[in-house]
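Asks: Throw the hints in and build the complete structure from the sequences for me.
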Amino acid sequence: MCDIRPYKNQDYEALKSKHNSKDLFVDPEFPATSKSIYHSGKRLTDVQWHRPTTVFRKAQFVIDGFQRGDLDQGEIGNCWFIAGSGAVTLNPDLLQRVVPSNQSFDSAAYAGIFHFRFWLYGYWYDVVIDDQLPFHSDGRLVFCRNKKDKNEMWAPLLEKAYAKICGSYEAMEGGFTTDALIDMTGGIEEAFELNNASTANAEFKERVKRVLWQAYLRKSMLGCSITADPNVTEARLSNGLVKGHAYSITRVADVTTSSGPVTLVRCLNPWGNETEWNGKYSDNSNAWNEISDEEKEELGVNAINDGEFWMSFDDFFSNFHQLHICHRGPASLGTTEDDAGSCTWTNLFRDDKLTWKEEMFHGEWVPGSTAGGCGQPNKENYWINPQYLVRLSMIDDDDDENLCTMIVALMQKETRQRRLRGLEGEDYMQFRVFKIKGGVNVQDNIEQGNLKFYMNQLERVGASGSYINRREVTKRFRVPPGDYIIIPSTYDADKPGKFLLRMFTEKQADQAQLDQDKEDLTEADVFFQDENIDVLFGEWSSLFGGDEEEVAPPKPINPDIGGVFPSPRPDLPSNFDGGDINDNEMYPQKRFCSIM
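Anchor point for the sequence shown: position 37 equals 37 in UniProt numbering, and the numbering is continuous, going up by one each time.
Mixed in with the good hints, there may be bad ones.
[Stated by the list, open to error] Calculated pairs, SDA-like style, for lysine to any residue (alpha carbon to alpha carbon, straight line, at most 20 angstroms): (1) 150 to 105; (2) 209 to 312; (3) 8 to 100; (4) 296 to 250; (5) 507 to 312; (6) 58 to 102; (7) 219 to 253; (8) 357 to 511; (9) 296 to 329; (10) 209 to 407; (11) 18 to 107; (12) 498 to 366; (13) 498 to 362; (14) 435 to 299; (15) 22 to 56; (16) 413 to 122.
[Stated by the list, open to error] Label-pair distances were calculated between CB atoms; the ranges are: (17) 507 to 205: 19 to 29 angstroms; (18) 438 to 201: 51 to 61 angstroms; (19) 380 to 217: 40 to 50 angstroms.
In short, the hints are calculated from the structure, not lab data. Please read these numbers as outputs of a predicted model, since none were measured by experiment. Idealized CB from N, CA, C, for every residue including glycine.
Replies: Printed below as a string of structure tokens:
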């Protein structure tokens with residue numbers, strides 16, 4: 001059986017057994033009052049709470065299956081959540097985990113209680129709600145609703161369950177689609193800049209292809225986009241693609257042509273119309289004549305204006321600017337469910353090689369103890385930050401470079417809940433990765449009570465990037481087998497906060513938390529020997545651990561890209577919606593800090 005925890009200790013089955021259609025459940029943990037909508041002084045006018053059955057005579061939980069186009073954003077800036085929810089409908093196994101079956105408004109089963117499941121900081125939670133929703137006096141739902149059939153209720157109820165864990169509907173304002181996807185998959189987000197002068201080489205292109213293939217085989221959720229034109233909203237290019245617009249990647253395939261093997265990528269425009277790629281391997285391209293009828297049939301090639309199209313990987317790499325991946329961990333690769341609603345997780349892959357191995361640590365930055373900051377101005381303070389040891393002993397399969405893949409993700413906890421208390425949602429944070437030098441006896445440190453490692457024992461490997469105020473930062477490393485140290489830190493010292501550190505590897509990795517500080521640090525413990533700051537940072541490895549990484553000055557992240565997963569509404573961006581939040585929340589800033 002899977003380990004699903006009842007959120008707020010509310011057990012769905014126990015609560016439902018106590019209620020029926022004549023004694024409906026009322027949720028005391030998320031009441032039908034204004035405090036469940038707002039946490040600031042803002043107010044919406046003309047809001048009334050009703051159960052759907054009192055407004056719609058034919059209210060149903062789901063009608064004709066779950067569709068991406070079911071969701072329509074309401075009067076709140078949570079487009080990022082709407083888009084993420086729509087993307088999950090494309091994955092039935094994921095959807096079954098998030099939206100348990102056997103929920104209904106039919107009188108025999110109806111008790112005014114529903115439940116949904118979300119992944120929160122390493123654990124799956126079952127979130128119980130009652131079905132009281134905010135309406136306007138004219139019968140319109142205030143927030144999410146079904147754009148095609150007003151009687152379908154699964155989407156507004158899902159949104160209410162997520163608002164409950166955020167603390168209020170207002171706390172959902174502003175975010176990134178990948179945040180929602182992570183909370184509905186337990187996965188790790190990874191982003192790649194494709195159209196970048198520093199990475200525009202054949203080696204990087206081949207590695208992106210390898211990553212894309214592996215992600216597809218692992219049933220990761222894939223999306224892509226083209227950088228927006230700040231002067232034109234979703235400008236259409238002559239090749240049929242749209243700038244600042246979200247596309248899903250729905251398949252990757254290798255085919256045999258008369259000119260040799262070709263890798264194809266199938267993309268989906270969420271508008272679902274004729275706005276498609278019109279180049280090579282588009283619906284009516286002559287390039288299909290070079291592929292056998294059998295292969296075309298297997299690929300499902302058609303000339304329908306449905307928003308879905310094929311293109312070669314070469315054209316994909318040249319025309320799209322961003323590739324985003326939500327990697328799914330070993331616990332999110334399949335579900336089966338019995339009639340009682342309890343579930344058993346199953347691995348969809350018979351080949352264990354296709355399943356990520358996951359390690360995670362729950363940590364905390366404690367002022368005066370483990371919150372050392374970035375090391376400026378006191379460099380020795382950096383070394384009081386938490387340390388985590390990872391031993392990579394087996395190389396990846398089918399890797400002629402004899403390297404190991406490790407994806408590291410650092411997530412701040414309860415960022416939206418912090419806003420309810422009037423605090424900043426996200427602190428500026430970063431993690432750095434070091435390799436323990438050959439000749440250093442790792443076991444000695446373990447036997448000394450998990451003693452930390454210091455600069456004279458370490459070699460620089462890489463970092464997550466500049467310090468940034470996002471909920472999660474992620475970086476992929478390809479490194480030789482060995483022992484590695486990961487150090488997460490906030491920019492400012494003595495900033496309290498809880499975090500989750502996760503590592504995805506292709507092979508099982510050993511790990512340990514190191515929490516014993518060395519007394520009386522020497523200069524050699526806290527300084528690298530190099531004096532030239534350009535040399536120091538020139539040695540930080542890039543995305544794949546091979547090329548130099550440019551450390552950018554502070555600058556805002558551009559939130560105007562139309563998301564990396566499909567938005568149900570083409571007039572709204574799907575990766576970020578700022579609402580009325582402050583500038584820091586709308587435009588996460590990067591900070592640069594040198595400690596060495």
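Asks: Are the hints correct? Go through all of them and say.
Replies: Each hint tested on the structure:
no.	hint	verdict
1	150 to 105	14 angstroms, holds
2	209 to 312	11 angstroms, holds
3	8 to 100	18 angstroms, holds
4	296 to 250	16 angstroms, holds
5	507 to 312	31 angstroms, violated
6	58 to 102	18 angstroms, holds
7	219 to 253	14 angstroms, holds
8	357 to 511	12 angstroms, holds
9	296 to 329	32 angstroms, violated
10	209 to 407	17 angstroms, holds
11	18 to 107	15 angstroms, holds
12	498 to 366	9 angstroms, holds
13	498 to 362	8 angstroms, holds
14	435 to 299	44 angstroms, violated
15	22 to 56	18 angstroms, holds
16	413 to 122	10 angstroms, holds
17	507 to 205: 19 to 29 angstroms	26 angstroms, holds
18	438 to 201: 51 to 61 angstroms	30 angstroms, violated
19	380 to 217: 40 to 50 angstroms	46 angstroms, holds
In summary, the numbered hints that this structure violates are 5, 9, 14 and 18.
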